[in-house]
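Engineer: From just these sequences and the hints, can you work out the full model?
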Amino acid sequence: MYGQDDKVITQSKLEKVLFNNEEYMKELKSIVMIQCVGSRNEEHPYCSRMCCAEAIKNALKAREINPDINVIILYRDIRTYGFKEKYYNIARDKGIIFIEFDENKPPEVKKENSQLNIVLEGKDVGKLKIDTDLVVLSTGIVPPEDNFDLAKMLKVPLNEDKFFLEAHVKLRPSDFATEGIFLCGTARGTANISESIAQAISAASRAVTILSKETLETEGVTAHVLEEKCLGCGRCVEICPYKAIELIEVDKQMGLFSNTIKKAHVIKVVCKGCGTCVAECPDSAMNLDHFGTTQIAPMIEEAIQVKEKEWTPRIIAFLCNWCSYAGADLAGVSRYQYPPNIRIIRVMCSGGISRSYILKAFLNGADGVFVGGCHIGDCHYISGNEYALDRLDHIKNFLGKIGIEEERFERHWISASEGKQFSEIVTEFTKKIEMLGERVKNS
79 MYGQDDKVIT QSKLEKVLFN NEEYMKELKS IVMIQCVGSR NEEHPYCSRM
129 CCAEAIKNAL KAREINPDIN VIILYRDIRT YGFKEKYYNI ARDKGIIFIE
179 FDENKPPEVK KENSQLNIVL EGKDVGKLKI DTDLVVLSTG IVPPEDNFDL
229 AKMLKVPLNE DKFFLEAHVK LRPSDFATEG IFLCGTARGT ANISESIAQA
279 ISAASRAVTI LSKETLETEG VTAHVLEEKC LGCGRCVEIC PYKAIELIEV
329 DKQMGLFSNT IKKAHVIKVV CKGCGTCVAE CPDSAMNLDH FGTTQIAPMI
379 EEAIQVKEKE WTPRIIAFLC NWCSYAGADL AGVSRYQYPP NIRIIRVMCS
429 GGISRSYILK AFLNGADGVF VGGCHIGDCH YISGNEYALD RLDHIKNFLG
479 KIGIEEERFE RHWISASEGK QFSEIVTEFT KKIEMLGERV KNS
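Going by the numbering used here, the residue at position 211 of the sequence shown is 289; the numbering climbs one at a time, nothing skipped.
These are calculated hints, taken from the structure and not from any lab test. Each hint should be verified, as a subset may be incorrect.
[Claimed, not checked] If you anchor each label on the Cβ, the simulated ranges turn out as follows:
| hint | residue 1 | residue 2 | range |
| --- | --- | --- | --- |
| 1 | Asp-224 | Val-247 | 18 to 26 Å |
| 2 | Val-347 | Glu-327 | 15 to 23 Å |
| 3 | Tyr-80 | Thr-287 | 42 to 50 Å |
| 4 | Lys-205 | Pro-417 | 19 to 27 Å |
| 5 | Arg-250 | Ser-274 | 13 to 21 Å |
| 6 | Arg-433 | Lys-91 | 52 to 60 Å |
| 7 | Ser-274 | Glu-324 | 35 to 43 Å |
| 8 | Asn-98 | Glu-324 | 55 to 63 Å |
From the three backbone atoms N, C-alpha and C, an ideal C-beta is built for every residue, glycine too.
Structural biologist: Encoded structure:
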């Protein structure tokens, strides 16, 4: 009915009427507000966090203008965040009626002759038919359709709801993984005005830390090329999410002759250190400062050396820095227990986990290997986990061919807020490895 009848409007339109056309409100006898329209469904599963408070605010204003008006709010759950709960209590005291409906049977708006009516099945009151003069829809907040294009242009990630994704929900809530770009308000998700203002202040403060400096230092974790190994295939150029690698021409002297060949070259100020190029390079000609093969390989060897008096599964877990490692950290802080025989190795991104790391773990005696990364679409390095997904699926198939049960390897997407899920997943994985038993070390 919305768009077909001018008596079916949104909360934002009602707000304009309340403050600009009080005479119209005095003529009305009843208003019915319907919550969660277009949100908390399969397409938009999240709560917009402000609709309930806005509906209650507008309902109170309507009663203030017209004390005789009958206001009914149809809801799934009333979610008045923070101190706004008091306005819900005030609304009840003022005689505003709240009726809960079944989420599987939402209210239907119908028109008989010129009369609007709502048909619904209330949880506590059964089937109802309500005549009303005005229907107000509490529509949810949805991200702009061009977010994807903007994200691609700025080289920043989106979350599963198509809002922009911060670098770290706890440590860098106003930053992107891409330096120098900040976010706030409803760009990062649903938020009310006070939250948006607080986030805007945070984003502005973060921007000042850059603008106040005469010179900027690049990150320490960046990729570099081992030129003697590089064949100039260009695979690293194709997959780099930040376009931080280019092919350059290099003159190579061969006795009396010279030849021009192509070599990969890392643009250090652009590189973010995800390590995807390191994992994808077929010639092992790429490495990552501080989180490369030079550091990871000895960690694998040492982690396997630890043995208990009685056999317990020795499991290597490669966790990405921004999501799954943070999830493991949250599990610890929240006291969600998981087996102590999980040896965690932190990597910058699951996209930087090469096949050689997993094979090295098994060949050195690991009973199981676990890989954790950001959810698809949530990668802090834009597309690193997508390359990891393809690579890790291939390695799982390869393990069976070399005599290692596929069940000994698992890959899961775990966010920074999923500490409990991390605990449950690795606990189940450990039980599976215990059932498979000790693996004989390959020679």
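Engineer: Now tell me if each hint is right for this structure.
Structural biologist: These are the hints, each one checked on the structure:
One distance hint, 18 to 26 Å for the beta-carbon pair Asp-224 and Val-247, holds here, with the actual separation near 24 Å. Hint check: Val-347 to Glu-327, Cβ distance near 21 Å, so the stated range 15 to 23 Å holds. Here the CB-CB span from Tyr-80 to Thr-287 is close to 45 Å, well matched to the stated 42 to 50 Å. One distance hint, 19 to 27 Å for the beta-carbon pair Lys-205 and Pro-417, is violated here, with the actual separation near 52 Å.
Under the hint 13 to 21 Å, the C-beta atoms of Arg-250 and Ser-274, about 18 Å apart, fit the expected range. Checked against the given bound of 52 to 60 Å, the beta carbons of Arg-433 and Lys-91, roughly 57 Å apart, stay inside it. The hinted window of 35 to 43 Å between Ser-274 and Glu-324 holds, with their beta carbons roughly 39 Å apart. For the hinted restraint 55 to 63 Å between Asn-98 and Glu-324, the CB-CB distance of approximately 58 Å keeps it satisfied.
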